[in-house]
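J.: Work out the full structure: start from the sequences and follow the hints.
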Amino acid sequence: MPKVSKLIEIRNLSFSYSREPILRDINFSIKQKEAILLLGISGCGKTTLLRCLTGIIPNTIEGKFKGKVIVDDKDTKTFDKIQNEMGIVLQDPETQIITTKVWSELAFGLENLCYNQEEISKIVKKFAKKFGLLKKLNYDVKNLSYGEKKKVIIAAMAAMNKKILLFDEPLSNLDIGMKKEILELLKKLKEEGKTIIVAEQNPCILKLFFDRCLVLAKGRIVYNGNVKQGLEVLRKITEHPRVSRIKPNEDVVMEIENLSFGYGKENILKGIDLKVRKNEVIVITGENGCGKTTLALCLCDLLKRRKGEIRLFGKLMDKYNSREIAERIGFVFQNPNFQIFKNNVVEEINCGPKNFERMLKKKEMKELLETFDLYGKRKFHPFSLSLGEKRRLTIASISSTNPDILILDEPAFGQDPYHFSKILRSFIGKKTIIMITHEESLFKVANRVFRMKDGKMVEIKCGKAM
Amino acid sequence: MWKSYVKIICFVPLIILAFIMNDFFLLILVSLTSFVLIKFFDKDLRQVVISLLKFLVPTIPLLLIMWSLFSNFETAIIATIRFSVLTITLFTAFSCFEVQETFELMSKIFPYKFSFIIVLSIRYLEVIKDDIGRINLIRKARGFEDKGNIIRKIKSKIELIVPVFVDSLFKAEDVTCALEARCFGMYKKRTFWKPDFEVIK
Chain A
1 MPKVSKLIEI RNLSFSYSRE PILRDINFSI KQKEAILLLG ISGCGKTTLL
51 RCLTGIIPNT IEGKFKGKVI VDDKDTKTFD KIQNEMGIVL QDPETQIITT
101 KVWSELAFGL ENLCYNQEEI SKIVKKFAKK FGLLKKLNYD VKNLSYGEKK
151 KVIIAAMAAM NKKILLFDEP LSNLDIGMKK EILELLKKLK EEGKTIIVAE
201 QNPCILKLFF DRCLVLAKGR IVYNGNVKQG LEVLRKITEH PRVSRIKPNE
251 DVVMEIENLS FGYGKENILK GIDLKVRKNE VIVITGENGC GKTTLALCLC
301 DLLKRRKGEI RLFGKLMDKY NSREIAERIG FVFQNPNFQI FKNNVVEEIN
351 CGPKNFERML KKKEMKELLE TFDLYGKRKF HPFSLSLGEK RRLTIASISS
401 TNPDILILDE PAFGQDPYHF SKILRSFIGK KTIIMITHEE SLFKVANRVF
451 RMKDGKMVEI KCGKAM
Chain B
467 MWKSYVKIIC FVPLIILAFI MNDFFLLILV SLTSFVLIKF FDKDLRQVVI
517 SLLKFLVPTI PLLLIMWSLF SNFETAIIAT IRFSVLTITL FTAFSCFEVQ
567 ETFELMSKIF PYKFSFIIVL SIRYLEVIKD DIGRINLIRK ARGFEDKGNI
617 IRKIKSKIEL IVPVFVDSLF KAEDVTCALE ARCFGMYKKR TFWKPDFEVI
667 K
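Read top to bottom, the protein sequences are chains A and B.
Residue numbering for the first sequence follows this note's numbering, starting at 1 and increasing by one per position.
Residue numbering for the second sequence follows this note's numbering, starting at 467 and increasing by one per position.
These aren't lab readings, by the way, just hints derived from the structure by calculation.
Every clue listed holds true.
Each pair of labels, with its calculated beta carbon distance range:
1) B:Ser537 <-> A:Leu316: 51 to 57 Å
2) B:Phe631 <-> A:Glu9: 36 to 42 Å
3) A:Tyr139 <-> B:Val523: 29 to 35 Å
4) A:Asn84 <-> B:Asp662: 25 to 31 Å
5) B:Pro524 <-> A:Lys379: 43 to 49 Å
6) B:Ile624 <-> A:Glu191: 51 to 57 Å
Once the Cα atoms are required to be at most 25 Å apart in a straight line, the calculated DSS-like pairs of lysine-lysine come out as:
7) B:Lys574 <-> A:Lys101
8) A:Lys390 <-> A:Lys354
9) A:Lys136 <-> B:Lys660
10) B:Lys606 <-> A:Lys342
11) B:Lys660 <-> A:Lys130
12) A:Lys6 <-> A:Lys33
13) A:Lys342 <-> B:Lys613
14) B:Lys595 <-> A:Lys149
15) A:Lys129 <-> B:Lys660
16) B:Lys654 <-> A:Lys74
17) A:Lys444 <-> A:Lys180
18) A:Lys187 <-> A:Lys130
19) A:Lys278 <-> A:Lys315
20) B:Lys469 <-> A:Lys125
21) B:Lys520 <-> A:Lys142
22) B:Lys660 <-> A:Lys149
23) A:Lys390 <-> B:Lys595
24) A:Lys270 <-> A:Lys319
Backbone N, C-alpha and C define an ideal beta-carbon position, used for all residues, glycine too.
T.: What follows is the structure in structure tokens.
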């Protein structure tokens with residue numbers, strides 16, 4: 001039999017963790033040296049599909065698995081050394097970095113493959129040079145920034161000389177400079193003759209060098225063809241009703257004067273001034289690690305500022321106690337798993353008001369659950385929900401205490417646009433919103449957009465009002 | 467490899483001496499030599515001393531008081547000196563070994579899949595420590611209060627454990643995925659790379 005040109009072939013693949021199927025009847029094949037873009041909104045099964053390709057599903061993670069995944073003429077279900085040819089870079093670098101130093105991280109895979117000393121030295125040096133990590137080889141992993149951690153992971157995977165590389169959202173949560181750098185690296189890997197599959201949900205600058213594009217929606221492949229049309233198909237899926245801007249009131253809700261803060265000797269925030277008006281939507285953006293989240297934490301007094309004053313409703317922040325601040329400012333953090341403390345959805349939403357000795361009426365609760373599309377799941381355990389649902393639940397449980405100011409940290413992450421715009425519409429005009437985000441699509445909703453740079457905030461002008 | 471053997475050979479006698487010696491001046495000498503050894507093995511002396519003081523300053527008075535309650539003051543002083551010398555030698559000995567080094571040394575005795583637990587736990591303790599700090603902030607932001615009697619305090623701490631636990635279960639799935647992608651455990655043996663640090667610096 002002549003050697004087949006198909007490197008990966010998937011036949012009638014379906015998979016489910018529990019009752020609800022995540023992948024349904026997927027068929028496609030990938031040729032050698034092809035670069036493929038896998039598009040789809042969050043929660044559509046991209047990560048699960050990538051895991052199926054690597055053979056981790058069904059070999060390590062259990063579930064109902066049907067169909068066949070064939071890589072290089074071998075079935076992943078029976079052939080367990082498939083990892084020799086296939087590398088995967090997951091979304092969160094924090095959990096993937098296994099050792100404590102950069103050099104040991106780069107060498108880890110090679111050590112497992114039983115390379116000897118000289119070979120490893122040679123390869124590590126080569127890849128450190130290629131990825132610009134040569135000066136940082138002796139660093140502790142915890143001292144690296146988020147983007148650098150991602151680079152380390154990609155370098156470690158590339159050093160293992162695998163034929164196929166899978167990337168799960170390699171560009172999420174990165175600033176534009178870092179995005180370009182990592183794209184450049186991916187391009188280099190492609191030119192070396194590797195087969196690349198990249199899963200993304202925001203293909204803003206990605207389209208440049210891909211040969212083909214697959215669009216996933218609700219566990220099915222909807223489109224398989226060239227990139228340009230694929231983007232259009234995705235746009236149709238993600239198109240959501242527009243959210244309109246509303247002119248804010250003139251009364252000032254929060255006034256920040258000359259705020260500074262730092263963890264070590266040096267200040268991260270250096271003199272920030274801001275006046276937040278009632279019912280205004282403010283977006284704060286900026287590079288990774290520039291202090292956006294730190295600023296937000298200072299705003300609700302969770303971190304004690306070093307200098308400066310904050311006035312909340314005309315009263316100094318120091319005169320409130322922590323509970324009174326929590327009643328007025330609601331803060332939604334990024335990771336939903338950390339914000340869930342109770343055993344079912346209704347209890348979770350109710351526990352916020354309970355802290356302030358209030359209770360939600362049944363009607364209010366129903367309304368709230370319906371705006372957040374959680375009514376059907378009101379008796380579920382919060383941890384059994386999907387990522388998007390969990391994020392919606394965290395926003396719901398904050399808004400149930402009815403705070404005047406809402407601070408949202410990366411609200412669009414893991415959220416599909418339809419639900420998110422519905423939530424935004426229910427807030428705009430009633431609450432003051434401060435959003436911290438990289439998403440440029442959210443700038444359209446904002447009254448003012450600020451960029452953080454070198455510890456200061458600069459207002460930037462953006463497109464016309466919608 | 468010889469360097470880690472030298473470390474073991476230097477520290478094991480010191481620890482044994484700290485256990486059995488009865489002379490006050492010799493005990494002081496033991497702890498001083500362990501500090502000298504840290505300098506000799508190129509470790510940051512200042513950081514070690516600071517973290518030692520952080521542990522010893524609150525514990526020494528406590529030990530003195532507790533011990534003198536049960537016996538006389540003299541034995542209390544001797545016991546605390548013994549205790550502090552022991553912690554100093556053990557602490558310095560452990561701080562001289564890098565994570566990778568311990569991994570390699572342990573794999574000489576146990577299969578490497580077991581000794582790998584050390585590397586994993588040290589790395590993920592850091593992650594979990596960060597997580598707990600973040601959860602505390604979140605609880606504060608949502609108006610949870612840790613005041614009240616002891617039972618309520620313990621209850622609120624248990625509520626804190628649940629998200630940490632669940633999140634690390636989710637993380638475990640990712641970690642297995644990452645480990646499999648790096649071919650961990652594919653072969654029965656494994657090599658250990660020592661970087662030539664001249665190039666790195």
